[in-house]
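One-letter residues, chain by chain:
There are 2 protein chains.
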Amino acid sequence: MPELRKDPMSGRWVIISVERGKRPSDFGVRVSPKKGGFCAFCEGNERTTPPEIMAFRPGSGDSNTSGWSLRVVPNKFPALNVEGQLERVGEGIFDKMNGVGAHEVVIECPDHNSTLSTMPLKSVEGTLWAFHQRMEDLRKDNRFKYVLVFKNEGDDAGASLEHTHSQLIALPIIPQLVEEELFLSKQYYSYKERCIFCDVIRQERDGKMRVISENEDFIAIAPFASRAPFETMILPKRHESAFAPHGNFDLLAQILQRTLKQIDKVLDLPPYNLMIHTSPFKDETNEYYHWHIEILPKLTKIAGFEWGSGFYINPTPPEEAAKFMREADV
Amino acid sequence: MPELRKDPMSGRWVIISVERGKRPSDFGVRVSPKKGGFCAFCEGNERTTPPEIMAFRPGSGDSNTSGWSLRVVPNKFPALNVEGQLERVGEGIFDKMNGVGAHEVVIECPDHNSTLSTMPLKSVEGTLWAFHQRMEDLRKDNRFKYVLVFKNEGDDAGASLEHTHSQLIALPIIPQLVEEELFLSKQYYSYKERCIFCDVIRQERDGKMRVISENEDFIAIAPFASRAPFETMILPKRHESAFAPHGNFDLLAQILQRTLKQIDKVLDLPPYNLMIHTSPFKDETNEYYHWHIEILPKLTKIAGFEWGSGFYINPTPPEEAAKFMREADV
Numbered sequence: 000m001p002e003l004r005k006d007p008m009s010g011r012w013v014i015i016s017v018e019r020g021k022r023p024s025d026f027g028v029r030v031s032p033k034k035g036g037f038c039a040f041c042e043g044n045e046r047t048t049p050p051e052i053m054a055f056r057p058g059s060g061d062s063n064t065s066g067w068s069l070r071v072v073p074n075k076f077p078a079l080n081v082e083g084q085l086e087r088v089g090e091g092i093f094d095k096m097n098g099v100g101a102h103e104v105v106i107e108c109p110d111h112n113s114t115l116s117t118m119p120l121k122s123v124e125g126t127l128w129a130f131h132q133r134m135e136d137l138r139k140d141n142r143f144k145y146v147l148v149f150k151n152e153g154d155d156a157g158a159s160l161e162h163t164h165s166q167l168i169a170l171p172i173i174p175q176l177v178e179e180e181l182f183l184s185k186q187y188y189s190y191k192e193r194c195i196f197c198d199v200i201r202q203e204r205d206g207k208m209r210v211i212s213e214n215e216d217f218i219a220i221a222p223f224a225s226r227a228p229f230e231t232m233i234l235p236k237r238h239e240s241a242f243a244p245h246g247n248f249d250l251l252a253q254i255l256q257r258t259l260k261q262i263d264k265v266l267d268l269p270p271y272n273l274m275i276h277t278s279p280f281k282d283e284t285n286e287y288y289h290w291h292i293e294i295l296p297k298l299t300k301i302a303g304f305e306w307g308s309g310f311y312i313n314p315t316p317p318e319e320a321a322k323f324m325r326e327a328d329v
Numbered sequence: 000m001p002e003l004r005k006d007p008m009s010g011r012w013v014i015i016s017v018e019r020g021k022r023p024s025d026f027g028v029r030v031s032p033k034k035g036g037f038c039a040f041c042e043g044n045e046r047t048t049p050p051e052i053m054a055f056r057p058g059s060g061d062s063n064t065s066g067w068s069l070r071v072v073p074n075k076f077p078a079l080n081v082e083g084q085l086e087r088v089g090e091g092i093f094d095k096m097n098g099v100g101a102h103e104v105v106i107e108c109p110d111h112n113s114t115l116s117t118m119p120l121k122s123v124e125g126t127l128w129a130f131h132q133r134m135e136d137l138r139k140d141n142r143f144k145y146v147l148v149f150k151n152e153g154d155d156a157g158a159s160l161e162h163t164h165s166q167l168i169a170l171p172i173i174p175q176l177v178e179e180e181l182f183l184s185k186q187y188y189s190y191k192e193r194c195i196f197c198d199v200i201r202q203e204r205d206g207k208m209r210v211i212s213e214n215e216d217f218i219a220i221a222p223f224a225s226r227a228p229f230e231t232m233i234l235p236k237r238h239e240s241a242f243a244p245h246g247n248f249d250l251l252a253q254i255l256q257r258t259l260k261q262i263d264k265v266l267d268l269p270p271y272n273l274m275i276h277t278s279p280f281k282d283e284t285n286e287y288y289h290w291h292i293e294i295l296p297k298l299t300k301i302a303g304f305e306w307g308s309g310f311y312i313n314p315t316p317p318e319e320a321a322k323f324m325r326e327a328d329v
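Just so you know, the protein sequences line up as chains A and B, in that order.
Using numbering that gives the first Met the number 0, the first residue of the first sequence is number 0, and each one after it goes up by one.
Using numbering that gives the first Met the number 0, the first residue of the second sequence is number 0, and each one after it goes up by one.
I should point out that these hints are in silico values taken from the structure, not numbers from a laboratory.
Bear in mind the structure is a predicted one, so any value in this text is a computation, not a measurement.
Hints may be right or wrong, so weigh each one.
What the hints assert, rightly or not - Derived DSS-like pairs (lysine-lysine); straight-line CA-CA distance at most 27 Å:
1) K75(A) / K21(B)
2) K95(B) / K139(B)
3) K5(B) / K281(A)
4) K21(B) / K300(B)
5) K300(B) / K21(A)
6) K191(A) / K34(B)
7) K75(B) / K21(A)
8) K139(A) / K5(B)
9) K191(B) / K95(A)
10) K185(A) / K185(B)
11) K5(A) / K21(B)
12) K300(B) / K33(A)
13) K185(B) / K5(A)
14) K322(A) / K5(A)
15) K236(B) / K95(A)
16) K322(B) / K95(A)
17) K144(B) / K5(A)
18) K236(A) / K75(B)
19) K95(B) / K207(A)
20) K191(B) / K300(A)
21) K300(A) / K185(B)
22) K144(B) / K75(B)
23) K264(B) / K34(B)
24) K5(A) / K139(B)
25) K139(B) / K300(A)
26) K300(B) / K34(A)
27) K121(A) / K95(A)
28) K185(A) / K95(B)
29) K264(B) / K300(A)
30) K300(A) / K21(B)
31) K260(B) / K5(A)
As the list claims (entries may be wrong) - Okay, the calculated beta carbon distance ranges per label pair:
32) H111(B) / N44(A): 48 to 56 Å
33) K191(B) / T284(A): 37 to 45 Å
34) V88(A) / L250(B): 35 to 43 Å
The beta-carbon is built from N, C-alpha and C at its ideal position, and this holds for glycine as well.
Kindly produce the complete structure, drawing on both the sequences and the hints.
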């Protein structure tokens, strides 16, 4: 019999097919090989992107010239506009506001063919530092309440450019999914006086079957109520409400790249989405919320049942996914 | 500047690109042509599906033989099992229950190549009657709290079989997205003592720019905060909390098929998902919730931003979508 499982942090129910679990080779969704051609994110083409917001340049060198190891540029086709005032207005029964926000692209390394899983570990660490620095900067703009960092790997996951990159969008409102996690984790805290994420980590470390890997500071797990096959969550083992006060990005880069290598190995280069969930700017230091990275390989299709219910059907139990990941030789 | 819009019924925010709105021809996502070959849903192959639950047979004729105009059969690969007791158990901090539920397939008409948009109007009406009758029957099983009716058209929308069909899943819990709509519509009702859906219909009929079509009993609109290009909602114009007490399925079939013909014409046979939202079994007659059909053409990809935030980016303003739909010659 399938199992209905509830994710205690989001309130989301999923249907897990525990009997005829799909194995990695049953999916066959793969990132298309890169086609090459002109690429605005490649070294030498700096002038074809909007002027850079920041960059890491190991040598010296001017902005928007070559010699960088990482660049952050405004998205050429932003979902939100960075200029303008926030204005909330009604339209009869409806509410709307100006689409004010920042939409930036982190070009993670100069090499067109690298991915987060194959680039030098130092570049992964640099990428995490770039997220951190951009958040520090965007926090000063009091129009913004939240910064969502995300990455789309592969066209099936929504990437429109091949060259490895992440994105961040600063928003004037707290996203609904984060609000829901905040609400439930506050509720848990008011009852238990403990962080629900800390409790989940404790239980998973005891049980071990959904733990993928650990290092001194971080843990990667297959969530009990994974929405999708091989969903993975990376969390700091000690309580940290926001990304990332201690900046121990060497260890985070290590577990992140290891996890992505495992995903690439087990699923043969699947498309995936990666998201960072953190506490909102106005409430960054708290006892109840715990920042984390979510990785969702894009192996199944979202259909009418999911769109209509908010339920997900996951054909691979997370216990099996974690085992495949643990056993991957990376 | 883009616009942030909030859907008052679900609390969902969307980013609408009001300036460089994408036109229908910009998407280019199309249902793949049918390949044919053996089909378990075609007439003559009745024995290859699980035994039918109900069927419309204009002549007489035995169950599971030809001569039908519509069949309902159990899904051969059900997401939930119809046998078994509900059992809620904890696993430390986690909650789970047996995956008890019903998963049925409505084979809408015998013709392999028809779609809801091209089949005889009588078959669309028959399909709605089948939904209704199955709900009436499943309601008697007190393990079930909700029945979600949905349809996936085209493989990009998650359809795994070509032959036109819909599905329904009876669930032991109320889906999260429906719970959210119930919560917000109750809140609105407690403040205004009016149904929020009725108020939206009133406002849209006054403004007209998001109205796609109307008949005596139903209205089709492009929601103010559409999640996706050409999202469409069909609602009864008079307050009805659950699907569908008056059974005026001739008029519903008419507006539904007209809407799907418009979508097919404007977008050139796009894949889509269709879902019915209705009040849960235990609370079917109420003043605050209003059943409706949601249709989501599958033109854009769900990427990290949507997965991480619950926000949607919609490149086509609903006002433009409604205009294209109104002007489609069907």
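Evaluated hints:
1. Straight-line distance between C-alpha atoms of K75(A) and K21(B) comes to about 17 Å, which keeps the hinted pair within the 27 Å bound.
2. Distance check on the hinted pair: K95(B) and K139(B) sit about 24 Å apart at the alpha-carbon level, within 27 Å; holds.
3. The straight-line distance between the Cα atoms of K5(B) and K281(A) is roughly 22 Å, inside the 27 Å bound, and the hint therefore holds.
4. Distance hint between K21(B) and K300(B) is fulfilled; the C-alpha atoms sit about 14 Å from each other, no more than 27 Å.
5. Between K300(B) and K21(A), the direct Cα distance comes to roughly 24 Å. Compliance with the 27 Å bound is thereby established for this hinted pair.
6. Of the pairs offered as hints, the one joining K191(A) and K34(B) is violated, with about 57 Å between alpha carbons and a cut-off of 27 Å exceeded.
7. Taken as a hint, the K75(B) and K21(A) pair is honoured in the structure, with Cα atoms around 17 Å apart against an allowance of 27 Å.
8. Between K139(A) and K5(B), the direct Cα distance comes to roughly 26 Å. Compliance with the 27 Å bound is thereby established for this hinted pair.
9. The suggested pairing of K191(B) with K95(A) holds, with an alpha-carbon distance near 20 Å, which does not exceed 27 Å.
10. With a CA separation close to 23 Å, the supplied pair K185(A) and K185(B) stays within the 27 Å bound.
11. A distance of roughly 38 Å separates the Cα atoms of K5(A) and K21(B); the hinted pair therefore is violated under the 27 Å criterion.
12. Of the supplied pair hints, the one linking K300(B) and K33(A) holds, its CA atoms being roughly 19 Å apart against a limit of 27 Å.
13. Distance hint between K185(B) and K5(A) is fulfilled; the C-alpha atoms sit about 24 Å from each other, no more than 27 Å.
14. For a cut-off of 27 Å, the pair hint linking K322(A) to K5(A) stands: about 21 Å separates their Cα positions.
15. A C-alpha spacing of about 25 Å is found between K236(B) and K95(A), which places the hinted pair at or below 27 Å, so the restraint holds.
16. The straight-line distance between the Cα atoms of K322(B) and K95(A) is roughly 21 Å, inside the 27 Å bound, and the hint therefore holds.
17. Distance check on the hinted pair: K144(B) and K5(A) sit about 17 Å apart at the alpha-carbon level, within 27 Å; holds.
18. Of the supplied pair hints, the one linking K236(A) and K75(B) is violated, its CA atoms being roughly 43 Å apart against a limit of 27 Å.
19. Distance check on the hinted pair: K95(B) and K207(A) sit about 19 Å apart at the alpha-carbon level, within 27 Å; holds.
20. Under the criterion of a C-alpha separation no larger than 27 Å, the hint pairing K191(B) with K300(A) is inconsistent with the structure, at around 40 Å.
21. Distance hint between K300(A) and K185(B) is unfulfilled; the C-alpha atoms sit about 32 Å from each other, more than 27 Å.
22. Distance restraint check for K144(B) and K75(B): the Cα-Cα separation of roughly 23 Å lies within the 27 Å cut-off, and the hinted pair is therefore satisfied.
23. As the CA atoms of K264(B) and K34(B) are separated by approximately 22 Å, the hinted pair is consistent with the 27 Å bound.
24. Proximity of K5(A) to K139(B) is assessed by CA-CA distance (about 26 Å); at most 27 Å being required, the pair is judged to hold.
25. At most 27 Å may separate the alpha-carbon atoms for a hinted pair to count; K139(B) and K300(A) exceed this at roughly 32 Å.
26. At most 27 Å may separate the alpha-carbon atoms for a hinted pair to count; K300(B) and K34(A) meet this at roughly 20 Å.
27. Restraint check: the Cα-Cα separation between K121(A) and K95(A) comes to about 42 Å, which exceeds 27 Å; the hinted pair is violated.
28. The suggested pairing of K185(A) with K95(B) holds, with an alpha-carbon distance near 22 Å, which does not exceed 27 Å.
29. A hinted pair counts as satisfied when its Cα atoms are at most 27 Å apart, and K264(B) with K300(A) qualifies at roughly 25 Å.
30. Between K300(A) and K21(B) the CA atoms are separated by roughly 24 Å; this keeps the pair inside 27 Å, and the hint holds.
31. In summary, the hint linking K260(B) to K5(A) is not supported, as the alpha carbons are separated by about 39 Å, beyond the 27 Å threshold.
32. Checking the proposed 48 to 56 Å range against H111(B) and N44(A) shows it holds: the Cβ atoms sit about 51 Å from each other.
33. Our hint of 37 to 45 Å for K191(B) and T284(A) holds, since their Cβ atoms are close to 39 Å apart.
34. Checking the proposed 35 to 43 Å range against V88(A) and L250(B) shows it holds: the Cβ atoms sit about 36 Å from each other.
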